[in-house]
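K.L.:
Chains B, V and P are the protein sequences, given in the same order.
Under my numbering, the first sequence is numbered contiguously, ending at residue 1588.
Under my numbering, the second sequence is numbered contiguously, ending at residue 262.
Under my numbering, the third sequence is numbered contiguously, ending at residue 551.
Since the hints were derived computationally from the structure, they do not count as laboratory data.
Glycine residues also receive a C-beta, built at the ideal position from the N, C-alpha and C atoms.
A couple of the hints might just be wrong.
Straight-line alpha carbon distances no greater than 16 Å define the calculated EDC-like cross-link-like pairs of lysine to aspartate or glutamate that follow [as the list claims (entries may be wrong)]:
no., chain 1, residue 1, chain 2, residue 2
1, P, Lys287, B, Glu1536
2, V, Lys184, B, Glu1413
3, B, Lys1383, B, Glu1436
4, B, Lys1561, B, Glu1477
5, V, Lys184, B, Glu1409
6, P, Lys475, P, Glu526
7, V, Lys203, V, Glu262
8, P, Lys515, P, Asp505
9, B, Lys1506, B, Glu1536
10, B, Lys1484, B, Glu1455
11, B, Lys1198, B, Glu1371
12, V, Lys184, B, Glu1436
13, P, Lys339, B, Glu1413
14, P, Lys538, P, Asp419
15, P, Lys475, P, Asp419
If you only want the chain V side, here are some residues facing chain B, beta carbon under 10 Å, derived [what the hints assert, rightly or not]:
no., residue
16, Ile186
17, Leu187
18, Pro189
19, Thr191
20, Cys213
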Amino acid sequence: MKEFIEGAVAIARSVANCKPAVVSAYPITPQTHIVEELASLVANGKLKAEFVNVESEHSAASCVLGASATGVRVYSSTSSQGLLLMAEVLFNAAGMRLPVVMCCVNRAVSAPINIWNDQQDIVTLRDAGLILLFAETIQEACDLHVQAFKIAEDPNIMLPCIVNIDGYILSHGYEPVEIPPQDLVDKFLPPYNPPYKLDVNNPLTLGPLVGPEWYLETRYAIQETLNNDVKKKIVEVAEEFTKLFGRKSYGLFEEYKTEDAETVFVTMGSIAGLVKEVVDELRQQNQKVGLVRIISYRPFPNEIVKILLKTKRVIVLEKCISLGSKGPLFEDVVSSLYIEASNNGNKLPVVNNYICGLGGRDVYKEELIEVYKDKETIKFIGLKKENLGSFI
Amino acid sequence: MFAKIILIPATGLNNKTGSWRVKKRPKFLHQNCTGCRQCYLSCPEGCISGSKKEYNVDLDYCKGCGICANICPVNDIIMEQE
Amino acid sequence: MIDEKILLTPGHTGCAGCGQALAARLVIDAAGKNTIVVNNTGCLEVFTTGYPYTSWRVPFIHSLFENAGAVASGVESALNYLGIKDNVNVIAQAGDGGFADIGLQAFSGLWERGHDILTICYDNEAYMNTGIQRSGTTPTGTNTTTTPVGKDSAGNLRWKKNLVDIALAHKCVYVATASIHLPIDLQNKVKKALKMKGPKFIHILAICPLGWSSNPAETIKVTEVAVRTGFWPLVEYENGVLTKVRKIKKDELLPIEEYFKLQKRFAHLLKEENKHVVEMWKEKVKENIEKYNLLED
Chain B
1197 MKEFIEGAVA
1207 IARSVANCKP
1217 AVVSAYPITP
1227 QTHIVEELAS
1237 LVANGKLKAE
1247 FVNVESEHSA
1257 ASCVLGASAT
1267 GVRVYSSTSS
1277 QGLLLMAEVL
1287 FNAAGMRLPV
1297 VMCCVNRAVS
1307 APINIWNDQQ
1317 DIVTLRDAGL
1327 ILLFAETIQE
1337 ACDLHVQAFK
1347 IAEDPNIMLP
1357 CIVNIDGYIL
1367 SHGYEPVEIP
1377 PQDLVDKFLP
1387 PYNPPYKLDV
1397 NNPLTLGPLV
1407 GPEWYLETRY
1417 AIQETLNNDV
1427 KKKIVEVAEE
1437 FTKLFGRKSY
1447 GLFEEYKTED
1457 AETVFVTMGS
1467 IAGLVKEVVD
1477 ELRQQNQKVG
1487 LVRIISYRPF
1497 PNEIVKILLK
1507 TKRVIVLEKC
1517 ISLGSKGPLF
1527 EDVVSSLYIE
1537 ASNNGNKLPV
1547 VNNYICGLGG
1557 RDVYKEELIE
1567 VYKDKETIKF
1577 IGLKKENLGS
1587 FI
Chain V
181 MFAKIILIPA
191 TGLNNKTGSW
201 RVKKRPKFLH
211 QNCTGCRQCY
221 LSCPEGCISG
231 SKKEYNVDLD
241 YCKGCGICAN
251 ICPVNDIIME
261 QE
Chain P
255 MIDEKILLTP
265 GHTGCAGCGQ
275 ALAARLVIDA
285 AGKNTIVVNN
295 TGCLEVFTTG
305 YPYTSWRVPF
315 IHSLFENAGA
325 VASGVESALN
335 YLGIKDNVNV
345 IAQAGDGGFA
355 DIGLQAFSGL
365 WERGHDILTI
375 CYDNEAYMNT
385 GIQRSGTTPT
395 GTNTTTTPVG
405 KDSAGNLRWK
415 KNLVDIALAH
425 KCVYVATASI
435 HLPIDLQNKV
445 KKALKMKGPK
455 FIHILAICPL
465 GWSSNPAETI
475 KVTEVAVRTG
485 FWPLVEYENG
495 VLTKVRKIKK
505 DELLPIEEYF
515 KLQKRFAHLL
525 KEENKHVVEM
535 WKEKVKENIE
545 KYNLLED
């Protein structure tokens, strides 16, 4: 049954149905409503969890890391500055192979301080060994959270998984949503059964000092896990979810009108909704356009190159930039395309990089249609020249 | 896929730090011992053991720091050449 | 043959004569095998869990340099959820760097939230693991690599952060100081603390023969002198009230110079030009003696 509720509340209630044992988070706009709703559910006896009010995001991530190591299901949430503050803890959780599940409500990074949406925060941590999923809608955010626990806690995977939602757009927006019902979640999500934990009956040492003779393989192991086990599991879990909950879950990426497309947009997050409208409008004008929406950013689904190599032009649209180089999503797409093409002798499509929406700047349909007609390699959409020049 | 990041108890016992000693090693004389257990309670390695009035050091691990000889209230432990 | 009951075994790579190794061994043997240890980065964690060796026979976790307080809070919360906290001790421990400086925030949060955890600071008065740099608990006039003695300097400028007062301000249910020269007293304090519910703190002076340039064989003697000068008072607070003070007998009391003589890090304080620093130490010792009524009548 659908309810018309706020994104953050929907996510919190979906997470509550997954029965986390320890929840710890530090408030930061625009994530706060998720944490407040979880606190309210605990206070009203609807969620039996230990809710730990820590004093910073670094401690929030550390707290859930410790609880996860003790063998229970955990959850946290953050944005932007908070995510960067807990950066070393997330690297640590990945290296220690602990399934910490979180929601990152994507927000621009300081300075200047800006509380509105872009994806720079999480993209900055793409190297950490985390599983990074991006939701387009609030419904998908709820569904991905339920799947996140199942993926992360698989005893062959045991890696942190972060579900990303665009700040304000999905966190504070309202949508008709079906919260994944308790009985189906119970069927879908097995209890957390860790292969190792802190247990006085079976003492183990976690987090030893590891020298050059041992460290490299720990990274290789995470790489192999992400590229093999995690990719397989994401697809498997999406299919299971679709069957059980009666609602389509796409797995690693979603294709929209790509069958005969000559130009394909590649993007991730809620902006895909706008891109789908643009695709529809251009199709009305007989333009052969399509969209590939990345859901799993890490592990990166280089399977999409099979679609992209059939096109003449790829437009990578992203709400982040690796300053001093190019858009990170663009770099991932181009390198995957190049590897596939150089191995098989394919002709490469033109790939353009459009940076948009930084700091919450609205993106308009007309601008994206302009992009379709454009020929720039790398461009910032909606750049206001009048804001440039002097620093005062 | 996993790599080696977790340890089972006390694999450190395989690290025989007795090889660190260069000059001196403790010798328990067993003449005046009063069984006060100060040596057992003062060894940073924890390699002194025994009961009643008979205590000994496990030379596989003893690093030769000399605390036991320094602390024995009845001078029943001396440091001798290796 | 090393006894199965020893919970921190030999074979670790601590320096010969390490005060912290001894203190940690005494603590865990007092706490018993139903204990989970959470440790910050520092000497202890590095020398007891260098892959492929671990000296721990209890569950042990090391995460980062500043988060033992928060990780332990998570461990304790998980144990509460599982309904087994009453049977399992949680100890969150760190050196003075990981406790009083970089890790203070996480411990402050742990204490304020009232978790049932014993927190322990092994204080060797500098960042020893990274090579003897000064910390917030380095006393005035100490020679460290970042407060070196030179033509224009007599060593570290400021006095120690008072962790006992900070713990009391957070309303820890049990706060105590301990010394490795009185191992039974140290172990009794650990046992007493673990019987109480709520956040507890024990501050242990941990001699570092390398960083202090003292004779490794004299590690116990150096601590004993620290206590007998009045520099390191041995006290216990229960629920915020001072309940026990170990008095110094009149013929036991030593002048602070006796403490300096045992460690080259204070060798410069025996010189005439640094008399003002020694006067400052004497003031601090006098404060301790008066505050705790340390001298036996």
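K.L.:
State for each hint whether it applies.
P.N.:
Each hint tested on the structure:
1. Using a Cα cut-off of 16 Å, the hinted pair P/Lys287 and B/Glu1536 is violated, with the two alpha carbons roughly 55 Å apart.
2. Using a Cα cut-off of 16 Å, the hinted pair V/Lys184 and B/Glu1413 holds, with the two alpha carbons roughly 8 Å apart.
3. At roughly 11 Å between alpha-carbon atoms, B/Lys1383 and B/Glu1436 fall within 16 Å of each other, so this suggested pair holds.
4. Between B/Lys1561 and B/Glu1477, the direct Cα distance comes to roughly 10 Å. Compliance with the 16 Å bound is thereby established for this hinted pair.
5. For a cut-off of 16 Å, the pair hint linking V/Lys184 to B/Glu1409 stands: about 11 Å separates their Cα positions.
6. The suggested pairing of P/Lys475 with P/Glu526 is violated, with an alpha-carbon distance near 26 Å, which exceeds 16 Å.
7. For a cut-off of 16 Å, the pair hint linking V/Lys203 to V/Glu262 stands: about 6 Å separates their Cα positions.
8. Note on P/Lys515 and P/Asp505: the hinted pairing is violated, with a Cα-Cα distance of about 19 Å set against a maximum of 16 Å.
9. Straight-line distance between C-alpha atoms of B/Lys1506 and B/Glu1536 comes to about 12 Å, which keeps the hinted pair within the 16 Å bound.
10. Between B/Lys1484 and B/Glu1455 the alpha-carbon distance is near 9 Å, which keeps this suggested pair within the 16 Å criterion.
11. Distance hint between B/Lys1198 and B/Glu1371 is fulfilled; the C-alpha atoms sit about 9 Å from each other, no more than 16 Å.
12. With a CA separation close to 32 Å, the supplied pair V/Lys184 and B/Glu1436 exceeds the 16 Å bound.
13. Proposed proximity of P/Lys339 and B/Glu1413 is contradicted: the alpha carbons are some 36 Å apart, above 16 Å.
14. Only pairs whose Cα atoms come within 16 Å are accepted, and P/Lys538 paired with P/Asp419 is accepted, the gap being roughly 15 Å.
15. Only pairs whose Cα atoms come within 16 Å are accepted, and P/Lys475 paired with P/Asp419 is rejected, the gap being roughly 27 Å.
16. At about 5 Å, the closest approach between the beta carbon of V/Ile186 and any beta carbon in chain B falls short of 10 Å, and the interface hint on this residue holds.
17. Hint status for V/Leu187: holds, given a least beta-carbon distance of 4 Å to chain B, under 10 Å.
18. Checking V/Pro189 against chain B by beta carbon gives a least distance of about 5 Å; that is within 10 Å, so the hint holds.
19. The beta carbon of V/Thr191 comes within 9 Å of a beta carbon in chain B, closer than 10 Å, and the hint placing it at the interface holds.
20. With a cut of 10 Å, the hint placing V/Cys213 at the interface with chain B is violated, because the nearest CB-to-CB distance is about 34 Å.
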